[in-house]
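Novice: Start from the sequences and build out the full structure, keeping to the hints where you can.
What follows is the residue order along each chain.
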Amino acid sequence: MRCVDTTQLLKGVLDLAVLAVVADEDGYGYDVVRRLRTGGLQDVGDASVYGTLRRLYANGALTSYVVPSDEGPHRKYYGITSTGRAQLKQQREDWTAFAETVSTLLGTDRPATPGGTR
Amino acid sequence: MNDTMHTSPAVAAFVAQVRARLADLTEEEREELLGGLEADLAERLAEGETDLGDPVAYAAELRAAAGLEARPRRWGVRRPAGPRRPLADRVTELLDALRGDWERWVARDPRVAEAWQVTRTLRPAWWVLRAWLAVQLLDRVTGPVEKPTLLPSLGSQLVSVVVLLAAVVLSTLLGLGRLWPRALARHPRPVRLLLLGLNLLAVVVLVVTVQAFPSAWESHQLANGGYYADARPHYGPGLRSEDHYVRNVFAYDAQGNPLTGVQLYDQKGRPLAVTPDPYFGSYASTGGRVLTYPWSNGGQMLLNVFPLPVREQRGDQRVRDPWGTARPPVLPPAPLAVVPPVSLPSPTATPSGSPTATPTTATPTATPSADSEKPRSR
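Order-wise, the sequence lines are chains C and U.
Under the numbering used here, the letters of the first sequence match residues 507 to 624, in that order.
Under the numbering used here, the letters of the second sequence match residues 693 to 1070, in that order.
A hint or two may mislead.
[Said to hold, decoys possible] Covered by chain U, per the in silico footprint, the following chain C stretches (three or more residues, Cβ under 8 angstroms):
| hint | stretch |
| --- | --- |
| 1 | 533 to 545 |
| 2 | 551 to 560 |
| 3 | 580 to 588 |
[Unchecked claim] One-sided and incomplete, this derived list gives chain U residues near chain C with beta-carbon spacing under 8 angstroms:
| hint | residue |
| --- | --- |
| 4 | Glu724 |
| 5 | Leu725 |
| 6 | Gly727 |
| 7 | Gly728 |
| 8 | Ala731 |
| 9 | Asp732 |
| 10 | Glu735 |
| 11 | Arg736 |
| 12 | Glu753 |
| 13 | Leu754 |
| 14 | Ala756 |
| 15 | Ala758 |
| 16 | Gly759 |
[Unchecked claim] Pairwise CB distance ranges, derived in the manner of DEER restraints:
| hint | chain 1 | residue 1 | chain 2 | residue 2 | range |
| --- | --- | --- | --- | --- | --- |
| 17 | C | Val572 | U | Leu779 | 25 to 35 angstroms |
| 18 | C | Glu599 | U | Leu814 | 57 to 67 angstroms |
| 19 | U | Leu737 | C | Gln514 | 25 to 35 angstroms |
In short, the hints are calculated from the structure, not lab data.
Quick caveat: nothing in here was measured; it's all calculated off a predicted structure.
Note that the Cβ used here is the ideal one computed from N, Cα and C, for glycine as well.
Specialist: Given below as structure tokens:
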């Protein structure tokens, strides 16, 4: 997997991943980053996630609210909207179909590949 | 105010840098991107992360992910539609925008970027230079006008060394952002403008100081206390010895005792004065100048009466009424307390000292010692 530029792959699915995480539970920027990383996307960049959150918010997929903090700067939480849910549903289907196609492709290819390459 | 929970300077600086690279966005877009960033960064640091990374790359990634790529535009602020914002906000935005423009312009060409990198590493040199300039300014403001010297003459050498060192330390702390990090986090705008103003002032002082600095030629003259032959006509008459002007004259009487108030005239009755240029002050050990002051005959100031009184002072101009000041000029001590008594060579002098010898019969040429003392006529 390391040979593939994972950041490139990530770009395509970051919207979906972020939507899924926020749909699971409202969260602030770094919280979302942490959950994505815990979920296995270790290479995800903070700034990419923040930018994605902002773009999804601008497109109406997310809503945001500020939670004042006694301990320091305020936190900005994001929650999913109905538009976001629809988008998530749609993209999830697209992704599943796409992933299956690719998996099938890779699955059928594998036996044909000589085992000694790795 | 609970200080421990305040945004750390590192976070504030990082956010400021990122903000600078979002300068072309509207206020709304920018706040949208930066909202909560401080809290998140603070959390990352709290989790033990020590390096926040490169704010430039961070800002680029942020913009790319947000779909707000850098747009080609003219320099300055992209004026967002909407109500007029307070002037202070617009000033901050303009500064951010100019900074952003500069960074982008530099980043366009790798060679320029490299040169800029090198220049940035030379910042400590500027911190030292501006400290020196600040002390120069202090020197000029507190004292009379004088030529700047490498070590500003603030009364005494010790004081100037201490003041200079303190200024360098202060300037370096400012440059490192150690001096006002909290104030910067709380009141970024006034502190930023103040720093900008101080740096601009330093540049102005630099230009003025460089122009006022004595040229190599002048320094040479100051150090030698006189002008060379080809420079003589500039300052008119004056007693000269070899190739430089005489600053002061000490006369002794025949008994070898120093005289005061000796008036000198040449063979035609013209006063034999030292140069009237007061610039012929020598340097005192304390860093000040020693200037000569004229005598007076009631109405005129005379520079042909010796020894000339001297006054140690900071400036290189004669003070208008030095005798009325707290430190009036004083007669300088003679370089030699006494000199051997002298007399005219006596034509009667004979080595034998014979009482019977008469002046008329004596032969002066027979005594070499007497011969050597005779005034030579040419």
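Novice: Now tell me, hint by hint, if it's right for this structure.
Specialist: The hints, checked one at a time:
| no. | hint | verdict |
| --- | --- | --- |
| 1 | 533 to 545 | holds (count 4) |
| 2 | 551 to 560 | holds (count 9) |
| 3 | 580 to 588 | holds (count 3) |
| 4 | Glu724 | holds (5 angstroms) |
| 5 | Leu725 | holds (5 angstroms) |
| 6 | Gly727 | holds (5 angstroms) |
| 7 | Gly728 | holds (3 angstroms) |
| 8 | Ala731 | holds (4 angstroms) |
| 9 | Asp732 | holds (4 angstroms) |
| 10 | Glu735 | holds (5 angstroms) |
| 11 | Arg736 | holds (7 angstroms) |
| 12 | Glu753 | holds (4 angstroms) |
| 13 | Leu754 | holds (4 angstroms) |
| 14 | Ala756 | holds (7 angstroms) |
| 15 | Ala758 | holds (4 angstroms) |
| 16 | Gly759 | holds (5 angstroms) |
| 17 | C:Val572 - U:Leu779: 25 to 35 angstroms | holds (27 angstroms) |
| 18 | C:Glu599 - U:Leu814: 57 to 67 angstroms | holds (58 angstroms) |
| 19 | U:Leu737 - C:Gln514: 25 to 35 angstroms | holds (30 angstroms) |
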